[in-house]
Amino acid sequence: MAQYMFLLYDTEEFYDNITAEDWQATMKLHNAFAEAVEAAGASLFGGAALEKSTTASTVRQASGEPLVTDGPFIETKEALGGFYLVEAKDLDQALALAKLCPAGNVEVRPVMDTGEGSTPPA
Amino acid sequence: MTSAREIARVVDEAHRGHWSTVLASTVRLTRDLDLAEDCTQDAFVQALKTWPDGIPDNQAGWLTTVARRLALDRLRRETTLWRKLPLLIEDPISPGEVEQPTDPLRLVFTCCHPALARDSQVALTLRLICGLTTREVAAGLLISEATAAARITRAKKKIAAAGIPYRIPADEELPERLDVVLTVVQLVYTAGHVAAGPELTRADLTGRALELAGLLVRLMPAEPEPQALLGLLQMTQARGDARVSEDGELVLLADQDRSRWDVRLLAEGVSRATTALQQGQGQGHGRFALQAAVSGLHVTASSWDETDWHQVVRMYDAMLISWPSPIVALNRAAAHSLVPGADLIAVLAELDALSNEVALKSYAYLSAARADVLARLGRKEAAVQAYDEAIGLTVNGAEQRFLRRRRAALTED
Numbered sequence: 001m002a003q004y005m006f007l008l009y010d011t012e013e014f015y016d017n018i019t020a021e022d023w024q025a026t027m028k029l030h031n032a033f034a035e036a037v038e039a040a041g042a043s044l045f046g047g048a049a050l051e052k053s054t055t056a057s058t059v060r061q062a063s064g065e066p067l068v069t070d071g072p073f074i075e076t077k078e079a080l081g082g083f084y085l086v087e088a089k090d091l092d093q094a095l096a097l098a099k100l101c102p103a104g105n106v107e108v109r110p111v112m113d114t115g116e117g118s119t120p121p122a
Numbered sequence: 001m002t003s004a005r006e007i008a009r010v011v012d013e014a015h016r017g018h019w020s021t022v023l024a025s026t027v028r029l030t031r032d033l034d035l036a037e038d039c040t041q042d043a044f045v046q047a048l049k050t051w052p053d054g055i056p057d058n059q060a061g062w063l064t065t066v067a068r069r070l071a072l073d074r075l076r077r078e079t080t081l082w083r084k085l086p087l088l089i090e091d092p093i094s095p096g097e098v099e100q101p102t103d104p105l106r107l108v109f110t111c112c113h114p115a116l117a118r119d120s121q122v123a124l125t126l127r128l129i130c131g132l133t134t135r136e137v138a139a140g141l142l143i144s145e146a147t148a149a150a151r152i153t154r155a156k157k158k159i160a161a162a163g164i165p166y167r168i169p170a171d172e173e174l175p176e177r178l179d180v181v182l183t184v185v186q187l188v189y190t191a192g193h194v195a196a197g198p199e200l201t202r203a204d205l206t207g208r209a210l211e212l213a214g215l216l217v218r219l220m221p222a223e224p225e226p227q228a229l230l231g232l233l234q235m236t237q238a239r240g241d242a243r244v245s246e247d248g249e250l251v252l253l254a255d256q257d258r259s260r261w262d263v264r265l266l267a268e269g270v271s272r273a274t275t276a277l278q279q280g281q282g283q284g285h286g287r288f289a290l291q292a293a294v295s296g297l298h299v300t301a302s303s304w305d306e307t308d309w310h311q312v313v314r315m316y317d318a319m320l321i322s323w324p325s326p327i328v329a330l331n332r333a334a335a336h337s338l339v340p341g342a343d344l345i346a347v348l349a350e351l352d353a354l355s356n357e358v359a360l361k362s363y364a365y366l367s368a369a370r371a372d373v374l375a376r377l378g379r380k381e382a383a384v385q386a387y388d389e390a391i392g393l394t395v396n397g398a399e400q401r402f403l404r405r406r407r408a409a410l411t412e413d
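Quick note, the sequences are listed as chains A and B, same order. So in the UniProt record's numbering, spot 46 of the first sequence is number 46, and the numbers just go up one at a time. So in the UniProt record's numbering, spot 57 of the second sequence is number 57, and the numbers just go up one at a time.
Bound conformation, chain A alone (with noise of 0.2 Å):
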C-alpha cells in the first residue's frame, strides 16, 4: 500500500451563490466518497476543506529573509480547495478512487517516504 495526496482544485465561483442546500448536497457526495474509498479496500488518512484563496497567506523563503505576501502560492483560475490522503494499493486504485472525488480537478500525488532507512528521491 501507498499513500497518495489528493489535491482538490476547484473554481471559487461555486462558493460565491452557494444555497445551503448545495452546500449539504455538495457534503454528502463529500461523505459518499468516504465510504466508497473503504469500500474498495483502500484507507482514509486524513483530509479537510480548505478556506477560500483569498483568505491564504505565503511565507517566501525562496531568497533570503522569510517574506510574508498576501494570497495563494500561485494564482490561477483553480484554487486548491481541500485535500485527502488516501492509503491506496497502486496508483490505478488511487485514479480510480479520485474519479470519484467531488472536484472539478484531483492531482494525485504519492506521498514520499521519510522515514528512517528513506533514501533522496531519485
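Just so you know, these hints were derived from the structure itself, not from any lab. Computed from a predicted model, the values in this text were never measured in an experiment. C-beta: ideal position from N, C-alpha, C; glycine also. It is possible that some hints are incorrect.
Claimed, not checked - The calculated label-pair distances, taken between Cβ atoms and stated as ranges, are:
id : chain 1 : residue 1 : chain 2 : residue 2 : range
1  : B       : P175      : A       : G41       : 16 to 26 Å
2  : B       : L253      : A       : L85       : 32 to 42 Å
3  : A       : A96       : B       : Q100      : 44 to 54 Å
4  : A       : T19       : B       : A146      : 48 to 58 Å
5  : B       : L320      : A       : A96       : 45 to 55 Å
6  : B       : E176      : A       : A34       : 22 to 32 Å
7  : B       : A146      : A       : V59       : 48 to 58 Å
8  : B       : G378      : A       : E13       : 34 to 44 Å
9  : B       : T133      : A       : F73       : 49 to 59 Å
10 : B       : Q100      : A       : K89       : 15 to 25 Å
Place chain B on chain A using the hints.
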C-alpha cells in the same frame, strides 16, 4: 565448442527474440525496472560466456532463470531492499514455472500507462519491450540522445515513485487503456518503417510491433481495434519489398509494382480489417478500423488510378470526427486531390489552411503534398519551392532522394 562468431550470432538472435520476455519476467519478480534491466543485460553477457560449452534448448527459460537469480542475489545484498523484499515479491521463483506468456503484455501496459507522458510511453516501450539502446531510441524517434535518456529516466522514476502497477488491466479498464497501447504499438512500427538515416526500415522494430499487435488480438479477440491494427500493419508490411526499388530508392504506393506485394500477408491483413469492420458494425468504427479500411481500399484496387478515392475520402471524413488531427486532415486533402475531376484549387486551399497548424510546421509530407498539387496546377516555381521545403524537413536519406527526383522532373523540360 561452437565458434565465438556463431555464439555471438545466436546470442544476438536471442536478444532480439527474447529480450522483452526475460525482462518482463524479471520485473514481475523485482518490481524494479532498473534492476531488472541490469540483470537481463547481465544474463545475456553470461550467455556469451557460457553458451560456447553448449547452447541450451530453451534459451528464453535459461536467460530468465539467470536474470531472476542475479536479481535475487542483488536484492539480498542490499539490506534496505531485503527488508522490503517480502512486499516486493509477488511470486518467488518456483522451479518449472519461471515464465508467464502474459509477462510482455504486462510490461507493455506499464510502459503505456496513461499517467505517463505520451512521448515517454513510446521511448520507454522502445527501450524495454524492443530492447533498443538509448542511442537507438533517439534515432528511431528523431530526437537527441539526451532527450531520449531524459524521457526514459523520467518515466521509470514515475513508475517507481507513483506506484504504477505491473499488470494487465482488468476487463472493464481495458477499453480505455487499449487506445494508448495501440497508438504506441503503431508508433513503434512507424519508427521501424521510416527509420532515420540511410536505411529505410528496421526489421526488428516492425517485427516487434507486429508481434505486440498479435498478442493484443489474442488477449482481446472480441475487440475490433487490435484486429484492425494488426491488419493494418500486415497490409503495410506486405508492401514492404515493393517500397524500395532495386537501387535502394523509395517507391511511393502510386508507383509500386503490385506484383511484388506479399499476397499471403496481404490477404491476412485484409481479412483482419474486414473482421474488425464487421465487429465494429453499429457502434461506430474506431480510428484503427478506419485506417485499416483505407489501407484495404488501396491494396484491393487493381492499380493506384483504380483506387476508390471517393470512398477513401469518406473514411478520412469519418476519422476526422472521432480523431480530429491535422495529420488526418492532411491525408484527407491528399486523397481529395486524387478524386477524378477534383477541384485542385480547393485542395490547395485545404492544404494552405493546414500550414498554420503547429503540429505540421516541420512535417515534410505537407510540403510534399503541396508541391504535388502545385505541380499539377502548372505552378512550377511554387512547386519547386515546396519540394525544397520538404527536402529540408526530412532526415531520411531515401525520402530526400525521392523528393529530389520529383523536383528534378519538374525542372527538366
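Cβ separation of B:P175 and A:G41, checked against the hinted range 16 to 26 Å: holds (24 Å)
For B:A146 and A:V59, compare the CB-CB distance with the range 48 to 58 Å and indicate the outcome. Hint violated: Cβ distance 37 Å, outside 48 to 58 Å.
Cβ-Cβ distance between B:L320 and A:A96: within 45 to 55 Å? violated (32 Å)
Using the Cβ atoms, figure out if B:T133 sits within 49 to 59 Å of A:F73. Violated - the Cβ-Cβ distance for B:T133 and A:F73, about 41 Å, lies outside 49 to 59 Å.
Given a hint of 15 to 25 Å, does the C-beta separation of B:Q100 and A:K89 actually sit inside it? holds (20 Å)
Just tell me: holds or violated, for the beta carbon distance of A:A96 and B:Q100 against 44 to 54 Å? Given range 44 to 54 Å: violated, Cβ gap about 25 Å.
Given the hint of 22 to 32 Å, is the C-beta distance from B:E176 to A:A34 inside that range or not? holds (25 Å)
Does the Cβ distance between A:T19 and B:A146 fall inside 48 to 58 Å? holds (56 Å)
So the hint says 32 to 42 Å: do the beta-carbon atoms of B:L253 and A:L85 match that? violated (57 Å)
Range first: 34 to 44 Å. Now tell me if the beta carbons of B:G378 and A:E13 are that far apart. Violated - the Cβ-Cβ distance for B:G378 and A:E13, about 58 Å, lies outside 34 to 44 Å.
This entry does not satisfy hints 2, 3, 5, 7, 8, 9, going by the numbered hints stated previously.
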